[in-house]
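Participant: These are the residues of each chain, in order.
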Amino acid sequence: MKAQHSVGIVVPQTAHFSDPLPLKSGGVLPRYDLVYETYGTLNAARSNAVLVCHALSGSHHVAGVHADSGAEGWWDNLVGPGKPLDTRRFFVIGVNNLGGCYGSTGPNCINPATGKPWGADFPFVTVEDWVDAQARLADRLGIERFAAVVGGSLGGMQALSWTLQYPDRVAHALVIASAPKLTAQNIAFNEVARQAILKDPEFHGGHYYEHGVVPTRGLALARMIGHITYLSDDAMGQKFGRALRHDKPVFSYDVEFEIESYLRYQGDKFAGFFDANTYLLTTKALDYYDPAFDYNGDLVAALGRAKADYLVVSFSTDWRFAPSRSREIVYALMHSDRRVSYTEIDCPAGHDSFLLDDPQYHGILRAYIDNIRL
Amino acid sequence: MSFQRYDYDVIANWIEPGERILDLGCGDGSLLRYLSEVRQVRGYGVEKDPERVLACARNDINVIQIDMEEGLAGFDDGFFDHVIMSLSLQAMHNTQGILKEMLRVGREAVVSFPNFAYWRHRQAILNGHMPVSKNLPHQWYNTPNVRFFTIADFDDLCAQEGIAIHERLAFDEDKVITDEPNFLASVALYRLGRRETPTG
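Top line first, the protein sequences correspond to chains A and B.
Numbering-wise, the first sequence is residues 0 to 373 according to numbering that gives the first Met the number 0.
Numbering-wise, the second sequence is residues 0 to 199 according to numbering that gives the first Met the number 0.
Check the hints yourself; a few may be wrong.
With a straight-line Cα cutoff of 35 Å, these simulated DSBU-like cross-link-like pairs (lysine-lysine) come out [claimed, not checked]: (1) A:306 / B:99; (2) A:283 / A:268; (3) B:133 / A:180; (4) A:238 / B:99; (5) A:283 / A:198; (6) B:47 / A:306; (7) B:174 / A:180; (8) A:306 / A:283; (9) B:133 / B:174; (10) A:283 / A:238; (11) A:283 / A:23; (12) A:180 / A:268.
Derived by calculation from the structure, the hints in this document are not laboratory data.
The shape of chain A in the complex, shown without the other chains (with noise of 0.2 Å):
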């Protein structure tokens, strides 16, 4: 086993950007800024770069700790020098999707032709734009082809979009935790957390900022749907089970068991620091993902322009994005004579399983990404 460990203190940096990004929605944004980190070192023949991308309430803090939070980055289990993404050996960068609220340009952000913040205003990004602004960075670091882009549930989604919109810039695409589009289920639990935002009093039309407030309990709300739909039933029953607060039915709506207290707790914190119009445009990013939608649902000839090698990872509690679905995207790239392996991990934990460091899980990444020629 290789000595494994943190990055260090990482600083984000910013990159502006004064070049309209056309938009899949028809809407334009006329200028944006994108917050990323990179770690480890870009080699000479610029040809080790790997992308990591973000899922719902993700940041380009990948790795690493922040010095003034201390806060650590959300896969530093998976990238840092010896561990199964080596910064020894790769440039790993991160970057803050475009509509998010830790740094990018999003809806919490001035918007230049009213001088006011953005809000509901904001256009409507998918997963296809922000390959492209990320596309942009790329060129902005000198970076004409990734070794790697790799991501997890909506992360995954953007890798194999970049495969896709940009087949001759990326080697290699690890689609993990994801799926080829969402399903009836999916969007509809989308769509009651969108309707919790929508409905709080506090939401003022999408421009609470100008009011002064925050729609809290429509934004905690959709964290609660989120988180149940993120645990498996048997990891939240080994987690919680029935256990009561206080060892006994007391007939009240007060928190009495665990889960309650749990989902509470972390739909309370999650309102405190995330945007509720980024949560708006990000489940709706999911919502439209379709690669096959302009090939009249055939994912085969969707993947006809790809040129990557894949590696795609299930897990088998997770039932948000279940292993049937990333099956669906394997035997659509191994009918497009794509090089594709897939495994799918039996881990406890549901669809979060994927930032876990279960051993057979960061074996196989490491084996993949050991594999990857420079």
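Got chain A; can you put chain B on it based on the hints?
Facilitator: Using the frame of chain A, we list chain B on its own:
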């Protein structure tokens, strides 16, 4: 990885350069690695065991972790030139189902298995014990094998299922056996195809 297994050369001889190959129960991927080196095949392995899947990833082999006992529903008809199952058929429960699936997704199937009627195995039974040999290395109580059959049995099954035997080679270790294979051969390799109308 070793390329020592004598059956690899036989299989390679049945495969044209650049073919699409599916290897069911691919282990650590060494056969696919060999075929990609000597025949430049576009190969995919199917493997259920997590350790072997990891070994395939280390060996840079395309591996798909599914349980082939559940069939090959995700694989299109006739996509592969050859579907291989090397020394694994005896460990499968759904023998007829998997043979049918192999010939659905592949133009031809290549199957090898240990011959339970090999004379040393017969001798072991005569002496009152289940055979243990190079090709049947396990004891009766820990063997992964669940189907115990002979070359003659497999020939009968092919006739019954409408499977065409395009070629059959039998071996005792690395020696080709032409006379009395069901008695003298420890392993058999078959190249199988679809018959237009089943005879059985």
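Participant: Please go over all the hints and tell whether each is borne out by the structure.
Facilitator: Hint check results:
1. Only pairs whose Cα atoms come within 35 Å are accepted, and residue 306 of chain A paired with residue 99 of chain B is accepted, the gap being roughly 32 Å.
2. Restraint check for residue 283 of chain A and residue 268 of chain A: satisfied, since their Cα atoms lie roughly 22 Å apart, inside the 35 Å limit.
3. At roughly 49 Å between alpha-carbon atoms, residue 133 of chain B and residue 180 of chain A are farther apart than 35 Å, so this suggested pair is violated.
4. Distance check on the hinted pair: residue 238 of chain A and residue 99 of chain B sit about 45 Å apart at the alpha-carbon level, beyond 35 Å; violated.
5. Restraint check for residue 283 of chain A and residue 198 of chain A: the C-alpha separation of about 17 Å stays at or below 35 Å, so the hint holds.
6. The suggested pairing of residue 47 of chain B with residue 306 of chain A holds, with an alpha-carbon distance near 27 Å, which does not exceed 35 Å.
7. A hinted pair counts as satisfied when its Cα atoms are at most 35 Å apart, and residue 174 of chain B with residue 180 of chain A does not qualify at roughly 54 Å.
8. With a CA separation close to 28 Å, the supplied pair residue 306 of chain A and residue 283 of chain A stays within the 35 Å bound.
9. Between residue 133 of chain B and residue 174 of chain B the alpha-carbon distance is near 14 Å, which keeps this suggested pair within the 35 Å criterion.
10. The hinted pair formed by residue 283 of chain A and residue 238 of chain A meets the criterion: a straight-line CA distance of about 31 Å does not exceed 35 Å.
11. A C-alpha spacing of about 13 Å is found between residue 283 of chain A and residue 23 of chain A, which places the hinted pair at or below 35 Å, so the restraint holds.
12. Among the hinted pairs, residue 180 of chain A with residue 268 of chain A is consistent with the structure: their alpha-carbon atoms are about 29 Å apart, no more than 35 Å.
Of the hints listed earlier, those the structure fails to meet are numbers 3, 4, 7, in rising order.
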